[in-house]
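Participant: Line order of the protein sequences matches chains A and B. The first sequence begins at 1 in this note's numbering and counts up one residue at a time. The second sequence begins at 272 in this note's numbering and counts up one residue at a time.
Honestly, the hints are just simulated from the structure, not real lab data. There may be inaccurate statements among the hints.
What the hints assert, rightly or not - Listed next, the in silico DSS-like pairs over lysine-lysine satisfying Cα-Cα at most 25 Å (straight line): (1) A:135 with A:184; (2) A:102 with A:121; (3) A:228 with A:245; (4) A:135 with B:571; (5) B:362 with A:102; (6) A:105 with B:385; (7) A:228 with A:17; (8) A:102 with B:534; (9) A:121 with A:105; (10) A:102 with A:133; (11) A:24 with B:478; (12) A:105 with B:478; (13) A:138 with B:362; (14) B:570 with B:500; (15) A:133 with A:121; (16) A:184 with A:129; (17) A:184 with A:138; (18) B:571 with A:102; (19) A:129 with A:102; (20) A:105 with B:571; (21) A:26 with A:11; (22) A:102 with A:135; (23) A:138 with B:570; (24) A:105 with A:129; (25) B:362 with B:534; (26) A:102 with B:570.
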Amino acid sequence: MEMPRHGNGDKPLLEVKEVTLQYKTKESLVTATYKVSFDVYQGDRFVLLGPSGCGKSTMLKGVGGFIAPVAGEMRLRGRAIHGPGPDRMMVFQEFDQLMPWKTVKQNIMFPLISSGRMRAKEAEQQALKYIDKVKLSKFPNAYPHTLSGGMKQRVGIARAMAMEPEILLMDEPFAALDALTRRKMQEELLQLWDDVRFTVLFVTHSIEEALIVGNRILVMSPHPGQVKAELNAHEFDHTSIGSPKMQQLQHRIREMLFADQIEQTEVPRHA
Amino acid sequence: MLEASTVAYPRLTPPVRPELVSSVTDSSEIVQVERPLSTWERITGQASVRRLFLLLVIVVAWEAYARYLDKPLMLPTFTDTAAAFWTELNKPFNFGSDSNLLVKAWTSVSVLVKGYALGVLLAAIMSSLAVTTRIGNDLLSTLTSMFNPLPAIALLPLAMLWFGLGETALVFVLIHAALWPLALNMHSGFLGVSSTLRMCGRNYGLKGLRYVLQILIPAAFPAILTGLKIAWAFAWRTLIAAELVFGISGGSGGLGWFIFINKQELNIPEVFAGLGAVILIGLIIENFVFRYIEEATVKKWGMQH
Numbered sequence: 001m002e003m004p005r006h007g008n009g010d011k012p013l014l015e016v017k018e019v020t021l022q023y024k025t026k027e028s029l030v031t032a033t034y035k036v037s038f039d040v041y042q043g044d045r046f047v048l049l050g051p052s053g054c055g056k057s058t059m060l061k062g063v064g065g066f067i068a069p070v071a072g073e074m075r076l077r078g079r080a081i082h083g084p085g086p087d088r089m090m091v092f093q094e095f096d097q098l099m100p101w102k103t104v105k106q107n108i109m110f111p112l113i114s115s116g117r118m119r120a121k122e123a124e125q126q127a128l129k130y131i132d133k134v135k136l137s138k139f140p141n142a143y144p145h146t147l148s149g150g151m152k153q154r155v156g157i158a159r160a161m162a163m164e165p166e167i168l169l170m171d172e173p174f175a176a177l178d179a180l181t182r183r184k185m186q187e188e189l190l191q192l193w194d195d196v197r198f199t200v201l202f203v204t205h206s207i208e209e210a211l212i213v214g215n216r217i218l219v220m221s222p223h224p225g226q227v228k229a230e231l232n233a234h235e236f237d238h239t240s241i242g243s244p245k246m247q248q249l250q251h252r253i254r255e256m257l258f259a260d261q262i263e264q265t266e267v268p269r270h271a
Numbered sequence: 272m273l274e275a276s277t278v279a280y281p282r283l284t285p286p287v288r289p290e291l292v293s294s295v296t297d298s299s300e301i302v303q304v305e306r307p308l309s310t311w312e313r314i315t316g317q318a319s320v321r322r323l324f325l326l327l328v329i330v331v332a333w334e335a336y337a338r339y340l341d342k343p344l345m346l347p348t349f350t351d352t353a354a355a356f357w358t359e360l361n362k363p364f365n366f367g368s369d370s371n372l373l374v375k376a377w378t379s380v381s382v383l384v385k386g387y388a389l390g391v392l393l394a395a396i397m398s399s400l401a402v403t404t405r406i407g408n409d410l411l412s413t414l415t416s417m418f419n420p421l422p423a424i425a426l427l428p429l430a431m432l433w434f435g436l437g438e439t440a441l442v443f444v445l446i447h448a449a450l451w452p453l454a455l456n457m458h459s460g461f462l463g464v465s466s467t468l469r470m471c472g473r474n475y476g477l478k479g480l481r482y483v484l485q486i487l488i489p490a491a492f493p494a495i496l497t498g499l500k501i502a503w504a505f506a507w508r509t510l511i512a513a514e515l516v517f518g519i520s521g522g523s524g525g526l527g528w529f530i531f532i533n534k535q536e537l538n539i540p541e542v543f544a545g546l547g548a549v550i551l552i553g554l555i556i557e558n559f560v561f562r563y564i565e566e567a568t569v570k571k572w573g574m575q576h
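Full structure from sequences and hints, please.
Facilitator: What follows is the structure, given as structure tokens:
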């Protein structure tokens, strides 16, 4: 596979600089990420990888504008991020992200119209185009509750892509799918990327998925989330599963992620 | 310990069996994949048919018991009631004291619709405020806990003092009857909307009224519909009771007044006919209006089965 292209010269599309994110629970204030920095370039399939509790989902919500950083800054095309907006479309893990009162087509048309980007007729054309891209052209008028999990996720992806956002934010979009459907969706996502060349920020806890889907991987450590490494994975896709090179990288990442745990368990012995 | 368990459960090695590959029978060769339902299954499968049958049983039981009792002043027969109903339906369509039953029903329903509509509007405004602002939330919880347990009819004397002996007083009481149960249901429905859908709405850049109208109301529709039904029943009851006690509104009385007057004159079949009309209107609203709304919304969207 090719090296990532930098569409907009060498200037990053999304700049995240030393961002610390905190959220409140009933009992305490949790620091989810601590001084996390990374740059996403146009056309990147940028993966945030880490175990649960490493703040990768919180990081994504921060970029989405749902959580304001306590320190550091996030800039999209040089503009600071304030609040959620349709230039950063989210694809969630949950199947209930679709509005049950709208059909597949209406679900995709809704943000196009409500953001004032298009009129009804134009939005319908756009919706049908992306319904076709995610291979749902047989079901434009179906209601979400009649679709399978994989089909719902496709609608979620089509809805986000139809908006043609600056960056797609995907929060473990395939985690709730069965293994066979997940694999198929990963392949389709890569095909779509080949076709449209969108920019995506992708959160996952699966090392294999990160290597297959991403071209650049941010490995994060937990409690609080900090950057452990930023690695290249543009060489790998489904055909490289089991290849020595990929296994080597998988092993390297696994060691990075589990090194903490070993240190933690060893601490009492030294103390 | 380990040894004992090894003895009790020796480590078995399953035998290696040959692999099997079989071909799938074509579905066209399978004799009966689908069978049309029989006529009997189809008839009994209709809820309306079953309910009509139950109604018929009740009517027959009523008729039989009334004839056995033979006290028309206490319990008139079904046939007498039906005859009284029919006579009332054939009276002239005017707004006099001896007008058609339909006119009386319309008088009641039109007052009801006014009070109900205003109640729904106020409930929507209050619960929208409650879900978007903290002070609105406090206001709604305080007011509902104060007024929801208070029977609407108890406000009628006060309403008549303030607004006089007319429609306005009735509408005021009806608003009170519909507002609180609906506001309570709407608010809890809004709170139950999944955080994913909320984030989707905000991701689209929706705010304020558009956010409430386009995300919260449809997403909370099952709870809102329940609230609408309860509010409707409360309002209808309150109206009939108010008419029974305080009678006339405007030029002609409604159904409650009709029942009250006929009871005074000991026209007991007419009293039953009036009650029948109240029940009938309730059935029509429940089975046609609300059923239709349900089919066109929550059932179609798969939010309710």
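Participant: All hints, please: hold or fail.
Facilitator: Hints, verified against the model:
Among the hinted pairs, residue 135 (chain A) with residue 184 (chain A) is consistent with the structure: their alpha-carbon atoms are about 12 Å apart, no more than 25 Å. Proposed proximity of residue 102 (chain A) and residue 121 (chain A) is supported: the alpha carbons are some 17 Å apart, at most 25 Å. Distance check on the hinted pair: residue 228 (chain A) and residue 245 (chain A) sit about 21 Å apart at the alpha-carbon level, within 25 Å; holds. Of the supplied pair hints, the one linking residue 135 (chain A) and residue 571 (chain B) holds, its CA atoms being roughly 24 Å apart against a limit of 25 Å.
Of the pairs offered as hints, the one joining residue 362 (chain B) and residue 102 (chain A) is violated, with about 49 Å between alpha carbons and a cut-off of 25 Å exceeded. Our distance criterion of 25 Å between C-alpha atoms is broken by residue 105 (chain A) and residue 385 (chain B), whose separation comes to about 37 Å. A threshold of 25 Å between alpha carbons decides the hint, and for residue 228 (chain A) with residue 17 (chain A) the separation of about 15 Å falls inside it, so the pair holds. Between residue 102 (chain A) and residue 534 (chain B), the direct Cα distance comes to roughly 52 Å. Violation of the 25 Å bound is thereby established for this hinted pair.
Restraint check: the Cα-Cα separation between residue 121 (chain A) and residue 105 (chain A) comes to about 12 Å, which is no more than 25 Å; the hinted pair holds. A distance of roughly 20 Å separates the Cα atoms of residue 102 (chain A) and residue 133 (chain A); the hinted pair therefore holds under the 25 Å criterion. Proximity of residue 24 (chain A) to residue 478 (chain B) is assessed by CA-CA distance (about 23 Å); at most 25 Å being required, the pair is judged to hold. Between the alpha carbons of residue 105 (chain A) and residue 478 (chain B) the distance comes to roughly 23 Å, so the proposed pair stays at or under 25 Å and holds.
Restraint check: the Cα-Cα separation between residue 138 (chain A) and residue 362 (chain B) comes to about 58 Å, which exceeds 25 Å; the hinted pair is violated. Among the hinted pairs, residue 570 (chain B) with residue 500 (chain B) is consistent with the structure: their alpha-carbon atoms are about 16 Å apart, no more than 25 Å. Distance check on the hinted pair: residue 133 (chain A) and residue 121 (chain A) sit about 19 Å apart at the alpha-carbon level, within 25 Å; holds. At most 25 Å may separate the alpha-carbon atoms for a hinted pair to count; residue 184 (chain A) and residue 129 (chain A) meet this at roughly 20 Å.
Taking the CA atoms of residue 184 (chain A) and residue 138 (chain A), the gap is about 18 Å. The hint holds against a cut of 25 Å. Among the hinted pairs, residue 571 (chain B) with residue 102 (chain A) is consistent with the structure: their alpha-carbon atoms are about 10 Å apart, no more than 25 Å. With a C-alpha separation of about 18 Å, the suggested pairing of residue 129 (chain A) with residue 102 (chain A) holds against the 25 Å cut-off. A hinted pair counts as satisfied when its Cα atoms are at most 25 Å apart, and residue 105 (chain A) with residue 571 (chain B) qualifies at roughly 16 Å.
Between residue 26 (chain A) and residue 11 (chain A) the CA atoms are separated by roughly 41 Å; this puts the pair beyond 25 Å, and the hint is violated. With a C-alpha separation of about 19 Å, the suggested pair residue 102 (chain A) and residue 135 (chain A) falls inside the 25 Å cut-off, and the hint holds. Note on residue 138 (chain A) and residue 570 (chain B): the hinted pairing holds, with a Cα-Cα distance of about 22 Å set against a maximum of 25 Å. Simply put, residue 105 (chain A) and residue 129 (chain A) have alpha-carbon atoms about 10 Å apart, close enough for the 25 Å limit, and the pair holds.
Of the pairs offered as hints, the one joining residue 362 (chain B) and residue 534 (chain B) holds, with about 19 Å between alpha carbons and a cut-off of 25 Å not exceeded. Only pairs whose Cα atoms come within 25 Å are accepted, and residue 102 (chain A) paired with residue 570 (chain B) is accepted, the gap being roughly 13 Å.
Hints 5, 6, 8, 13 and 21 from the earlier list are contradicted by this structure; the remaining hints agree with it.
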